[in-house]
Amino acid sequence: MNITTSEENNHTIVSIDGKVDTNTSPDLERTLSGLIEAGQVNLLADFENLSFISSAGLRVLLATAKKTKAQSGSLKVCALNPTVKEVFDISGFSTILSVFPDRTSALGN
Amino acid sequence: MAVTKTLIRASTSDDHSTASIVTRINNELARDNDASMFVTIFLAIYDIHSGCLTYTNAGHNPPFIKRADGAIESVNDLHGPVAGAVEELAYKESQLQLRAGDTLLLYTDGVSEAMNSDDELFGEQRISSLLQRADVGDAESLCSELLAEVDSFAGDAEQSDDITLLALVVDKDAQVSQTEVFEIELVNQFSEIDRLNDAFNEYADRVEIDMATQLKINMVFDELINNIISYGFNDQREHKIRVRADRGTDELIIQIEDGGIPFNPFLRETPDVGASLEERDIGGLGIHLVKEVMDSVSYQRNHHLNRVMLVKNL
Chain A
19 MNITTSEENN HTIVSIDGKV DTNTSPDLER TLSGLIEAGQ VNLLADFENL
69 SFISSAGLRV LLATAKKTKA QSGSLKVCAL NPTVKEVFDI SGFSTILSVF
119 PDRTSALGN
Chain S
15 MAVTKTLIRA STSDDHSTAS IVTRINNELA RDNDASMFVT IFLAIYDIHS
65 GCLTYTNAGH NPPFIKRADG AIESVNDLHG PVAGAVEELA YKESQLQLRA
115 GDTLLLYTDG VSEAMNSDDE LFGEQRISSL LQRADVGDAE SLCSELLAEV
165 DSFAGDAEQS DDITLLALVV DKDAQVSQTE VFEIELVNQF SEIDRLNDAF
215 NEYADRVEID MATQLKINMV FDELINNIIS YGFNDQREHK IRVRADRGTD
265 ELIIQIEDGG IPFNPFLRET PDVGASLEER DIGGLGIHLV KEVMDSVSYQ
315 RNHHLNRVML VKNL
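Chains as they are written, first to last, in my numbering: chain A, 19 to 127; chain S, 15 to 328.
No wet-lab data here; the hints were simulated from the structure. Only a predicted model underlies this, so the values are computations on that prediction, with no experimental measurement involved. Treat the hints with care, since some could be wrong.
Unchecked claim - One side only, chain A facing chain S, incomplete, derived with CB under 8 Å: (1) Asp39; (2) Ser73; (3) Arg77; (4) Lys84; (5) Ser109; (6) Phe118.
Note that CB positions come from ideal geometry on N, CA and C, so glycine has one too.
Extracted from the complex, chain S is given alone in its bound form:
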């Protein structure tokens, strides 16, 4: 436990992919692990601006979310087994959106498996029921309420495991993205660019992004998706490309992920745009257009994925 905390602290300063961090931690823990110790991890990074929660679940109990409208969701994505058990595993990650008034509740199995004197388990159902009933004001009172309920359930029965709760409540007035998020999964075929642009423009209309910006984004998608499909894959198989767009108050954030060969498109040299007609070469022009049309571009290689992030000020 202490070792795991140290490893997490050491890894999170320079790495913003939970998949990559958990993969590193797992390798460290699994090496020379003669005692066969292991830990469950739910590691998440919350972007307070976009409201995006990126997380990796390594064998941990699925957390709950209570949405601002009262709906309860279980966060069921698993990205690999408990950490420390097997070396050289590649963990994955997922993303979900937390909005103003949403609550995320994490718990250890000491909560769900707390027993009463009749050997009954507290169970996940009681956790979600309480979350549903609770008038979530702040994280601390929610945890206190749940702990009190576990205590009263267990009665005189001896505590068998550690009981840990962590609640994250997004302030009701938080300026996180209030609008819907655009997500689409493409395959590596050129016809998919049209499907992407049509779907994006429908989204853009709904979240009031003007036509001129839509056309620029359409062009940007054409350049980047064309690049990925043309150069990203060395085989003839079908591959997925994921595109996500999120309209914030004054900016549009776009993310494109593919599992192709590691490639940072923005390292290409800027073409000589002043060359004469005869000398003019077209290479690198598409990426140059993308860089100029967007307000910021960046690239990360995150565990077998190329991730391009684009920002357009609105």
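Next comes chain A alone, as it looks inside the complex:
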């Protein structure tokens, strides 16, 4: 898994390339925690190149969403592939996170 971060339209965009599972979720957690500690609490996770996510990754997203909300920010996600979308629907994450079809709609909102 590779993570790229960039700034756009008052958001910090975190692009994830690969999978988020038992072995890679600690890396994602470090990246997201680092951003929040640096005061960047308007986060957009771009899943365009995310192949799959397991509950280990969902745990990181949940913790991040709670932390950003506590600081009046938010965690948005966009561009879910069908496998990730199914996992979000099954787990109820589709309703607790703001999910957008693509980056443009996520940033415009």
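Go by the hints and put chain S onto chain A.
Chain S only, in chain A's frame:
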């Protein structure tokens, strides 16, 4: 012999692990066995859908397999000594794959140790040679051919032991799994999940399982293997985890076995997936995902092994 048959009949209705059945039979036979009688057992359960033969060999002669392409194999795994001799033994089991056109041949030592008038033994070599030569049409004719050969070998010599043969021929047109089976042995380290998923995806490509399904299975493996490694073992030692996958015509069957503490992951309560962000807890979510993504999940505790079975319709 009669007692053993009764015990097998009584045990097989509710138990589908040959290891567990033979272990129970052995304990029954060994208890109060003043006459020191014992039996050899080759007990097998054949799944006609997957072609998987699960078997336990308790001191019996190794059977032969003739593959559809003519190759002869000896089924050499032994899982414990003869039954009835020693109480409280834990027998094990193995699995092998029988495909369309394969033949399994079992025999008692009365066959291999049949003697002629010069005190020569018939021997296993003659059995495997005949199996190799034989044009196996059906099980009955194969057994008749072999019996005739034993008879003609023994000639006038007196029969010393019972002669029993059992042949199982998988029909040439049987719809058993035609594809290769995926098998891998892991140790309890998280890095093994990557090795499993990489190897599985290579297999899945070969047997034409689409990418979306592969990703779901990758996630399922991550959840279940993570669980086993995290919670299955109470010591710091290395433990094995076995994963098997078999692509049938319209379904993928996956089996995961570990020797960890008895644990049925599917008994976990379903988490409240409708809870708000603040109330939301992550516990149990992984297993919930597994149950939802797969078409059926089941669990068996089979003699010191946790066995999880998963089916994904294709």
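Which of the listed hints are broken here? 6
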